[in-house]
Amino acid sequence: MKNVLKKLGSMVITLFAVSFLGFAAFAVIPGDPAVMRLKTNATPAAVEALRHSMGLDRPFIVRYFDWLKDFFVGDMGVSYTYSRPVMSVIGSKMPVTLYLAVLSFIIMTAVSLPMAVYCAKNDGGRADRFISGVNQVLMSVPSFFAGILISYVFGIVLRVFVPGGYVSFSDDPGGFIYYMIFPAVAVALPKIAVCVRLLKSSIMSESGKDYVRTAYSRGERGTTVLYRHVFWNALIPAVTFYAMQFVDLIAGSIITEQVFNIPGVGRILMTSIEGRDYPVVLAILMFVAAAAVIGDTVSDLSAMALDPRIRE
Amino acid sequence: MRKGMVLKKAISILLTAALAAGMCGCAGSKKSGVSENFTVGIPQDLDSLDPHMATAAGTKEVLFNMYEGLLKPDSEGNLVPAVAQEMTEKEGGRVYEFVLRPGVKFHNDAEVTVSDVKFSLDRCAAPNADGQPLVPEFSNIASVETDEAQSKVTVTLKQADTDFPAYMTCAILQEATADQEDAVPMGTGPYMFESYTPQDKLVLKRYDGYWGEKPEIKNVTFKIVSGTDTVVTDLEGGAVDMYARVLSDQADTLSANPDFQVLEGTMNLVQALYLNNDKKPFDDEKVRQALCYAVDRQEILDYVSDGKGTIIGSSMFPSFSKYYMPELSDAYKTDTEKSKSLLKEAGYPDGFSFTITVPSNYTQHVDTAVVISKQLEKVGIDAKIKEVEWGTWLTDVYTARNYEATVIGVDASNLTASSLLSRFRSDAGNNFVNFSDADYDAAYDKAMSETDDETRTQYFKECEKILSDKAANVYIQDMPEFVVIRKGYSGYKFYPLYVQDIAAIKPDR
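Listed in order, the protein sequences are those of chains A and B.
Position one of the first sequence corresponds to residue 1 (the working numbering), numbered consecutively onward.
Position one of the second sequence corresponds to residue 1 (the working numbering), numbered consecutively onward.
Since the hints were derived computationally from the structure, they do not count as laboratory data.
Worth double-checking, as some hints may not be accurate.
Which residues of chain A face chain B? A few of them, derived with a C-beta cut under 7 Å, are [unchecked claim]:
{"no.": "1", "residue": "Ala27"}
{"no.": "2", "residue": "Pro30"}
{"no.": "3", "residue": "Gly31"}
{"no.": "4", "residue": "Asp32"}
{"no.": "5", "residue": "Val35"}
{"no.": "6", "residue": "Met36"}
{"no.": "7", "residue": "Lys39"}
{"no.": "8", "residue": "Ile156"}
{"no.": "9", "residue": "Gly164"}
{"no.": "10", "residue": "Gly165"}
{"no.": "11", "residue": "Pro263"}
{"no.": "12", "residue": "Arg267"}
{"no.": "13", "residue": "Ile268"}
Incomplete in silico selection of chain A near chain B, CB under 10 Å [said to hold, decoys possible]:
{"no.": "14", "residue": "Pro44"}
{"no.": "15", "residue": "Phe161"}
{"no.": "16", "residue": "Pro163"}
{"no.": "17", "residue": "Ser168"}
{"no.": "18", "residue": "Ser170"}
{"no.": "19", "residue": "Ile262"}
Every residue, glycine too, gets a C-beta built ideally from N, C-alpha and C.
Using the sequences provided together with the hints, build the complete structure.
Encoded structure:
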């Protein structure tokens, strides 16, 4: 219980820090929201008038606390670009990005678990060496580049999907689910490589421990030892790692959306930064930060659940 | 053993599910070829669906399909009657009378009334957040009167302005529905609103009650694509059928593809190395002229766009044929010696160094800056290139005027000469190059107060000549525009303004 409270406390502090830093970053980077709204109609006089009506001429700290006050009552403000409440702008985008992240998480887990076990079982074999080699390459391929390759191979050469031809769930649920597989694979690929490597080494190090020798000496067969004892103990560090990967997957999704033309959080984040639409950017920042903090907490809690030694 | 089994099962279920999901979606993929549905890729989201509130040129060119003004521009750069049937100019351009065209309907089938017109004009004349009317030129309107019986609208100006019809392209909205305009656009154009998903797409369908020639393409989707990088993949993969303003190398790639046609027009931009006339050494006319002589425009065109584009010599592009002066494009023939001697006269025998600030999102402008910088080396000038992001450019360069030189393209917001020339008046709010010349101001003011069209045009030409003589900027070109359309469609029209006229595009029979 004490642990959980501590966790919650650090969550709140983290979110505070993120919001302040985010707000401060916008005060520092060049580019004025009023100018962005007026675009080439921006004359010094018009900018001054608009800055005033947008409240941008108030001191930074006043604007921050104003924003914070609204944030606490669930008001994310109004988008500068769309002149609509921020939640109505990004609300429909979040499920898209979350779906992409969850789908790539499923793909990552479904592929990396059996692959790691297989590699651990056949350590040093031809297949293991091959997989390790490929993984070494995949690990260094950024997800957007994997996305470009996938678009080219499956979209232009094999024509199994229309690159950039995103369809929304409400238009065509089947088409949406199908289309998202390709970006999800792109996001998952580099992560699969990392996970296989981590899980395999975890299994290998568990295999060398005393209790494994004891199990063998009891007369259990190799497979049984692996699945019954080694795997579950090896999973403890891996679970923490997997949960942390989820945050990375959200980040990866945000970037890969650009390649696959997916109108999710990533797209709106990019255009909002370009357009200096701070209310929208801050809302997304808080969303991603919350996801990171929650992912971190979940990974700690699941490690506690799996490993009695961590519990108090 | 039990735990292992569960895990195995779980994984196999997941994999089967993923596969099954994959199978059912296959039907969704689109075949290339002509259909009733046409998808146009656009590079950025729409800033508003309300035509009066939209400021981005990229939004206006889309909304053109849904909205009309009393007049509208055609592809030749003329103003043609639209919601109005005829326009009469009185008192030397101080009073304009419009008679509405009978049978023009909004997309909810309600006929346009004179009070809708008055409402729309008043809406644009009302001051905005920045204190300016939505259409700045509307501050000149003294009154808008309506005569319902004759379906006539009379606009009286405070001061005569023969350019005024060009602003009458301002969209006519329905008074009853205008407060919902951003959510449910309601215009009188050939296409009507179907749906809009921010950051994703705008779907339009043909309006069967349209007063004019009805378009052939039934459904149009404007799909927001991530950026210019994915354009080729989006076209080749079949996600979009058309994309305007692809880059020169993308046009090359796509013209080799038998599924596409690449059309070439002009961007209608004045691309130049704009110089901050207030900053040393550009406050010296001789230095500016030296730069003009040092630059080889043809070489820029060759490097940046395979030799395509039109070399220009002042702030006017060829589509505005009435005002354009082709002779100015030869005003400064590349002449390194002359450039050097001008620099010597100005007190810079060994050249100098300065920075060209360019917006990094415009590849063509960045490339142009690179070529210019190389060319200037020959006369001993060291030009550094600083790439900045668009928001920074707008703030620092365009608004704060805190820069030495920049490469950009300046467009015209309407079909008047003043849309290109007004910014060089010494006191203009958007005079981002700080050009200041008493002769120019005088010539411009004469043009604006003149009501005789020919004399007025002469004054505007005088303005162009002054910009060239004084070397206000190093004028380069009106850039080529490449539009890619899937084969099987024809009739695409280039406009001298930002317009994508989908109604003009027809599937081949």
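Comparing the hints with the structure gives:
1. Ala27: Since the shortest Cβ distance to chain B is 13 Å, the answer is violated.
2. Pro30: With a closest approach of 4 Å, the Pro30 (chain A) hint holds.
3. Gly31: holds (3 Å)
4. Asp32: holds (5 Å)
5. Val35: It holds, given that the least Cβ distance between Val35 (chain A) and chain B is near 5 Å, below 7 Å.
6. Met36: Cβ of Met36 (chain A) sits 6 Å from chain B, so the hint holds.
7. Lys39: The hint holds - Lys39 (chain A) has a Cβ within 7 Å of chain B, the shortest such distance being about 5 Å.
8. Ile156: holds (5 Å)
9. Gly164: holds (4 Å)
10. Gly165: For Gly165 (chain A), the interface hint holds, since the closest Cβ of chain B sits about 4 Å away, which is under 7 Å.
11. Pro263: Hint on Pro263 (chain A): holds, closest Cβ of chain B at ~4 Å, below 7 Å.
12. Arg267: holds (5 Å)
13. Ile268: holds (5 Å)
14. Pro44: Interface hint status for Pro44 (chain A): holds (6 Å vs cutoff 10 Å).
15. Phe161: holds (6 Å)
16. Pro163: holds (4 Å)
17. Ser168: holds (6 Å)
18. Ser170: Hint holds; Ser170 (chain A) Cβ to chain B Cβ min 9 Å, cut 10 Å.
19. Ile262: Hint holds; Ile262 (chain A) Cβ to chain B Cβ min 9 Å, cut 10 Å.
Against the hints set out earlier in the document, a violation occurs for number 1 only.
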